Amino acid sequence: MSTVAVHSLWTTAVDPISKFQAPKIEYAQLSPTLIVIGAALVGVLIEAFVPRKSRYHAQVFVSVVALAAAFAAVVALASGGYGTTKAHIAAMGALAVDGPALFLQGTILLAGLFGVFTFAERRLDPAAHGNRVDSFAAQAASVPGSDSEKAAVKAGFTTTEAFPLLLFAVGGMLVFPSANDLLTLFVALEVFSLPLYLLCALARRKRLMSQEAAVKYFLLGAFASAFTLFGIALLYGYAGSVSYATIAQVVDGTVTNVDPALANTMGNDVLLLIGAAMIVMGLLFKVGAVPFHMWTPDVYQGAPTPVTGFMAAATKVAAFGALLRLLYVVLPGLRWDWRPVMWAVAIVTMLGGAIVAITQTDIKRLLAYSSIAHAGFILAGVIATTRSGVSSVLFYLAAYSFVTIGAFAVVTLVRDAGGEATHLSKWAGLGRRSPLVAAVFAVFLLAFAGIPLTSGFAGKFAVFKAAAEGGAIPLVVIGVISSAVAAFFYIRVIVLMFFSEPNPEGPTVAVPSPLTLTAIGAGVAVTLVLGVAPQYFLNLASQASVFVR
Amino acid sequence: MENLIALLIAAPLLGAAVLLCGGRRLDAVGHWLGTFLAGASFVLGAVLFTDMLGKAADARTVTQHLFSWIPVAGFQADVTFRLDQLSMTFVLLITGVGSLIHLYSIGYMEHDERRRRFFGYLNLFLAAMLLLVLADNYLLLYVGWEGVGLASYLLIGFWQHKPSAATAAKKAFLVNRVGDMGLSIAIMLMFTTFGTFAFGPVLDSADKVGEGRLTAIGLMLLLAACGKSAQVPLQSWLGDAMEGPTPVSALIHAATMVTAGVYLIVRSGAIFNAAPDAQLVVTVVGAVTLLFGAIVGCAKDDIKKALAGSTMSQIGYMVLAAGLGPIGYVFAIMHLVTHGFFKAGLFLGAGSVMHGMNDEVDMRRYGGLRTYMPVTFVTFGLGYLAIVGFPGLSGFFSKDKIIEAAFAKGGTEGWILGGAALLGAAITAYYMTRVMIMTFFGEKRWQPDEQGNEPHPHESPGVMTIPMIVLAVGSVFAGGFFSLGDRFLHWLEPVTGHAEGNSPVSAMTVTAATLVLLVVGAGIAYVQYGRRPVPAVAPRGSLLTRVARRDLLQDDFNHVVLVRGGEHLTRSLVYVDHTLVDGVVNGTAASVGGLSGRLRRLQNGFARSYAVSMFGGAAVLVALTLLMRAV
Amino acid sequence: MSFPLLTATAVLPAVGAVATAAVPAARRTTAKWLALLFSLATLVLAAVIAVRFEPGGARYQLAESHAWIKDFGVRYELGVDGIGVALVALTALLIPFVILAGWHDADPLETGSRRWRPTQGFFALILAVEAMVILSFEATDVFLFYIFFEAMLIPMYFLIGGFGDRAHEHGEQAAATQRSYAAVKFLLYNLAGGLIMLAAVIGLYTQAGNFSLPEIAQARANGSLHLATSTERWLFLGFFFAFAVKAPLWPLHTWLPNAMGEATAPVAVLITAVVDKVGTFAMLRFCLQLFPEASKWATPAILVLALISILYGALLAVGQRDIKRLVAYASISHFGFIILGIFAMTSQGQSGATLYMVNHGISTAALMLVAGFLISRRGSRLIADYGGVQKVAPVLAGTFLVGGLATLSLPGLAPFVSEFLVLVGTFTRHPAIGIIATFGIVLAALYVLVLYQRTMTGPVKAEVAKMPDLRVRELVVVAPLIALLIFLGVYPKPVTDIVNPAVRQTMSDVHQTDPQPEVEAAK
Amino acid sequence: MNPVNYLYLSALLFTIGATGVLIRRNAIVLFMCIELMLNACNLAFVTFSRMHGSLDGQIIAFFTMVVAAAEVVVGLAIIVSLFRTRHSASVDDASLMKL
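Which chain is which? The protein sequence lines are H, U, V and A, in order.
Under the numbering used here, the first residue of the first sequence carries the number 1, and numbering increases by one thereafter.
Under the numbering used here, the first residue of the second sequence carries the number 1001, and numbering increases by one thereafter.
Under the numbering used here, the first residue of the third sequence carries the number 2001, and numbering increases by one thereafter.
Under the numbering used here, the first residue of the fourth sequence carries the number 3001, and numbering increases by one thereafter.
If we strip away everything but chain H, and leave its shape as in the complex, we get (with noise of 0.2 Å):
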């Protein structure tokens, strides 16, 4: 049992150094999250010594070849068969290469790719003193209106660093869902949420909200994680140890050779009940769950919107994943004490995120709240605990990110003076004006709403078929409910756009480079694809349903 032995390495410090021996990675195996941080790191070298005009350049270059790149050994090793026959744990315990892991980091890293390509996106904003700028702010460090920032936009600078930090994200996140233990767990959600938080710091318009962004998420995150960490603790004191197998096994009262020592703690149900607790709503915080959602509307709004499309998509699918994990690997003899908890959590996530959407006025805002309503969904099929909840869940992450991706990227065309124009009421009449992208962003809509023949029915289908294979039919039907509510504003949205006249100094609809179109067809394209022919998904989400313990 190498986990076991991973941990003893320390203990047993006293044996003669003859016995030491080297822990053993599989670098090819952990090939996507090295090539990702590797590229972070350069990254951060190119900020230090390439000039500064060409370091947007070298750094889209370096984000998008990595990205690429991982995303290529991924495929590499699920064809490899890592994701089915040759799953198992590698780095001595600490990461699991199994199907959903290189499913989601698949997702994760093509969310990225994605992301990246909105961030690179410089023809939105007038070119200003004949540089072009992109949507991040001139040089953070600088006060909003200040003279100092004057001058930087003058100067031309740029806050290329969102690149790096967008890929030290990403690659927090590729570690996530495939932690195999707790401290890996806890380390990946601060390499992923730290970075976030800075990028949500970084508008380059409507500065003050992005900083107040930053700073809730900031402190909502942190506060956050330190109960996740409490989390840990109190389970590292149940189990005696903070690898998953362990733990899996002292749950299920499989454990070997009980050590005395442990003896009045291991065992102890109430801290392993309170830990998991825990740890589960620092997973539900960055799901977005209600209750732990009241960040999401302000972050989503106040961020730069490369960044929201970024972070809600690939957030949610990472944290998903380690959820997954956690429940399915860790606590699945627990089932019978989270399965009603998650009930609860599902059903007030479906119907909170659904009805207070009703009212938003700002697009963005309505997006976040459409993205609870999404993660009570997901829920929904994670609480099945079988196979075709894996699966379905699985599904869905991967539908729902490039629908997000999408829309927030078409949220970025619509401008008016001060920028975006997020404000519902300038989206009126915004199908007259330039149907095509009316007509895009309906899609993406029609696909949040989950109208058949788009990827979001098909994902909704799959989770709420699993839920009621599941047994939990209360669910599936609280969840048809809700998703009519949520489709109420999301047709308002359309009708908003097609049917309302335009008013005269309403937003204009800026060309974008090939980067955010291609963000934009991808998204497209992949709604319905997954929407009319979802088969081959589905296939590889099933395949990649299994666990490795």
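Some clues are possibly wrong.
[Said to hold, decoys possible] Simulated crosslink set (SDA-like; lysine to any residue; CA at most 20 Å straight-line):
hint	chain 1	residue 1	chain 2	residue 2
1	V	K2391	U	D1112
2	A	K3098	H	Q543
3	A	K3098	H	A421
4	H	K206	A	D3092
5	V	K2070	H	E469
6	V	K2070	H	Q543
7	V	K2461	U	H1161
8	H	K150	A	T3085
9	V	K2493	U	F1067
10	U	K1208	V	P2517
11	H	K426	V	W2116
Bear in mind the hints are in silico, worked out from the structure with no lab data behind them.
No experiment lies behind these values; they were computed from the predicted model shown.
Fit chains U, V and A to the supplied structure of chain H, relying on the hints for placement.
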């Protein structure tokens, strides 16, 4: 030969189609075309009649199967026509009188720019009526039944710009619909009982069925008859129907359509024979109506309304007879035919009078017209004598027979019914004499109408007088012709069957009594209207008179109970639909919206309150988890 | 693999929709003609289906089956029985008239902008609806049916909300608010129904493991798929709720008057004559076949609701001030008859109901389209604003009257046949209900004649004095419909022959036989 | 002395930290409270590792410190930039976005 039956209907139907779809280019010839096709139908009928006479009495029924109409498992409705003595009688009456009235209308409607359409409707009516009497099953009969209803609706409301006409038409259709309900329920009952509703099977196997069921069917048929034939309690529409052009009143609301109910009852004789209770109800309805109509007829100053009342009452006689069973069937039909002649004649006469009097209908504005329009006077007079039952004229024979049959029913019922019939005869004499005197005798009372143009009474043109003459001849001789050697009896017997009742009072006494009452009635009328001048405006009159003027409060009843009640019902339902049914849903929507607004406030922008909710959430999470373990 | 006729019939209008939408803004008329052309071509294909269909043959003919989403147990399965054929034909038949009648409906929306192309959109949406409706009539896979049952809401929503009637007593703005309210109401009702059904669909899957209607029905019949009574009832209710909303059945009906009132007449026809038929059709095909026992269990309640719909709808129609709302309530009453016929569980009732769907489609189309022409002339929907039209526009009035007479199911016109069949079919099993339902025919006469009297007769109102009579285009729309009404009233055999076998099948699905007459009459 | 008491202490510290987060306004103080919570966790880790006689807990404590340090860097950066913009470190002032 029987393959020609369909043509009987086809001819006028073609006319209707052409005239209604033809457009203005047909205006010039439309009326002639219509008349021609009606005549053609009559000729064809005559041909078939002669052909029928050539056959043995019991082999005269012929059928023509056109096609299978509604074939659904077990439910087989065919388009099949049946021509026997009964339907043949009607064919001749309908086409004959119909053709005459077409002819008359050419003159009467001369100045109406929508004359083409009028003839289209008339042809439509003929087609429907023929379908009604030729149908071989009840469902097909139902088609004709509603067809004539439609035609009557269109013709009553022909002058649609007059709101009164439009309302009258609507009323007629609606009241008839109530009757139609009866017919359709009757058909459903037949289907569940016999598995079919074709005349043959149903009537042949009627005796196999329990009496209760047959009574139900009979009563439903009676309801239908009441609607179509303006019998109490569904008689209210007939008076208003006089809003239509007079030829329409003559053809539809006197001679043919309104008698369809009698046809229905006689045709379904087998059912009624086996359901005495139903028969009793029929006779009662008939008796009541004949008095009702007569009384109403006495009070009306509108010549057409007076005649309408008399129509109602005469049909009452027929229904009464039909209710008597085999004793009465033949006489019901016979009276129907003779009535067809003289009542049509009377109406045409009235029309002719109106034609000469700027469409004035109030008899108090008439008077002394005999010198101005002699032909009308004579023909009208003959019709008058016929209807009051002057010995030797049509009405005398047919009505007398019915009264005898009524007595022959035997028992107290017999006495009551017979008495009612006799009384009716007297009243008939009274109101008809009244009409006669007020119109043609006494001093002239006419005066300028609203436009102030003095009416110049004049005889109507030939196209109008000829039909009147023909009908007058019919009303004089038809009855005698039928009765000599019981021609009519032997003609119809194979279809309707016949039974001689043994009357407690001899035929002679009945006849005598009738004549006496006739004289009495006429005398009273003469004293009231012939001896003293007729006031130009109606005196307030006795309570009975006033009530009778208002159709014995029938309409008031309908208005209060049905119209008002209906209005209240619908209005309240509209309210319910809007507030309750809709309100629930809107309420839900609104409450969800409100909830959304309230929940939204939780998102107050303060990071710390978010933290609070997280902390609380965590606490709940932990608590729940522990709770789950505890329970 | 023979030519996929059914797919083609559905794909053709879909292609038409895309093509129409693609027509450049300037070429409005081209778009109109293109749409008309495609709808006519679809009609031809539908005719071919009707011809190729053998009444005596297999239950589902011209069947197509392809693997689609294995994981959901979903197959792309099409097939038509007699009922399906009749309704596909009806749909394909009505759409050209709808398009022709709506020829100018989108014109007022034209802003002249190069990008904004309402006309193209309008006709494209109509064709899209046609495609989806036809597919849902053809689908023999529950999931496939559900998809289009649900997806068709979106184009309908746009048609109501975007291209609604501009005539309103309180002016344009009021009309706009009313319109969006009606559209939202339409969507929410049907979406809610559809999503409830989704839950039931999923439930069905957990029980059956696939979605193929024939297979499941087969399995239910031979007992290899046994549902617990309660399960079956819940699933039935889930399905029925959605269909009852769509149909609509009292008390789920209130969206219809708003939708039909606010939409333009052609769209209103599209709603009530075509889209709503999917609901009643689905009751007949899915509820009865999949859940025979539950259907029988629910029959009494449903019959009562249907009865209420009949009388309630009729009475409310009497009370309406708005022509189109009146027709809407009349339709509610008629849908009551259809549902009554379906759940009477007799072959007369069900044949009648199917026939009723077709006839009601045609008669309502006739009445509603003429009403639309009338409204477009005067610019008002209020009955009170009319009077004496008959004098100035006799042809219009005449066609209106015929449409009305059809609506009150006058014998000799098509609706009579179906209505009488439904009544008889109901009466043979439930005499009381049959008799009460018969009151509907009186009320029908009432609201139709009142409408006709108030609008067409009486002295000519000043506003209508200048009203032109029907134009050629309008006559082309109305005349065929009226001809059809008369033909099907006199000779409905072609339709009944197609429908009867399917009904026989359905009857055997629910293990029902017609009640026998008391005495065997001497035939 | 029974190490379990240290557990109680850590729980106490954690609660104090959490409470601080909930009641204090100043972003810096708030952040310090979070650090307190993290350290409470560390105490728990160390205690458990002592009880279990395995070093893992103590190792984890080091990890935690590193992570905390990283958080400080990021956090202070954000908070300071906010402070410079608004001249106030009160988190309640930062409530542009709501509802």
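Hints and how they fare:
1. A distance of roughly 13 Å separates the Cα atoms of K2391/V and D1112/U; the hinted pair therefore holds under the 20 Å criterion.
2. The straight-line distance between the Cα atoms of K3098/A and Q543/H is roughly 43 Å, outside the 20 Å bound, and the hint therefore fails.
3. For the given pair, K3098/A sits about 17 Å from A421/H by alpha-carbon distance, which is consistent with the 20 Å threshold.
4. Taking the CA atoms of K206/H and D3092/A, the gap is about 19 Å. The hint holds against a cut of 20 Å.
5. Between K2070/V and E469/H, the direct Cα distance comes to roughly 16 Å. Compliance with the 20 Å bound is thereby established for this hinted pair.
6. For the suggested pair K2070/V and Q543/H, the alpha carbons sit about 14 Å apart, so the restraint of at most 20 Å is met.
7. Between K2461/V and H1161/U, the direct Cα distance comes to roughly 11 Å. Compliance with the 20 Å bound is thereby established for this hinted pair.
8. Restraint check for K150/H and T3085/A: the C-alpha separation of about 15 Å stays at or below 20 Å, so the hint holds.
9. Between K2493/V and F1067/U the CA atoms are separated by roughly 10 Å; this keeps the pair inside 20 Å, and the hint holds.
10. As the CA atoms of K1208/U and P2517/V are separated by approximately 12 Å, the hinted pair is consistent with the 20 Å bound.
11. About 18 Å separates the Cα atoms of K426/H and W2116/V, which keeps this hinted pair within 20 Å; it holds.
Violated hints amount to a single one, hint 2; each of the other numbered hints is respected by the structure.
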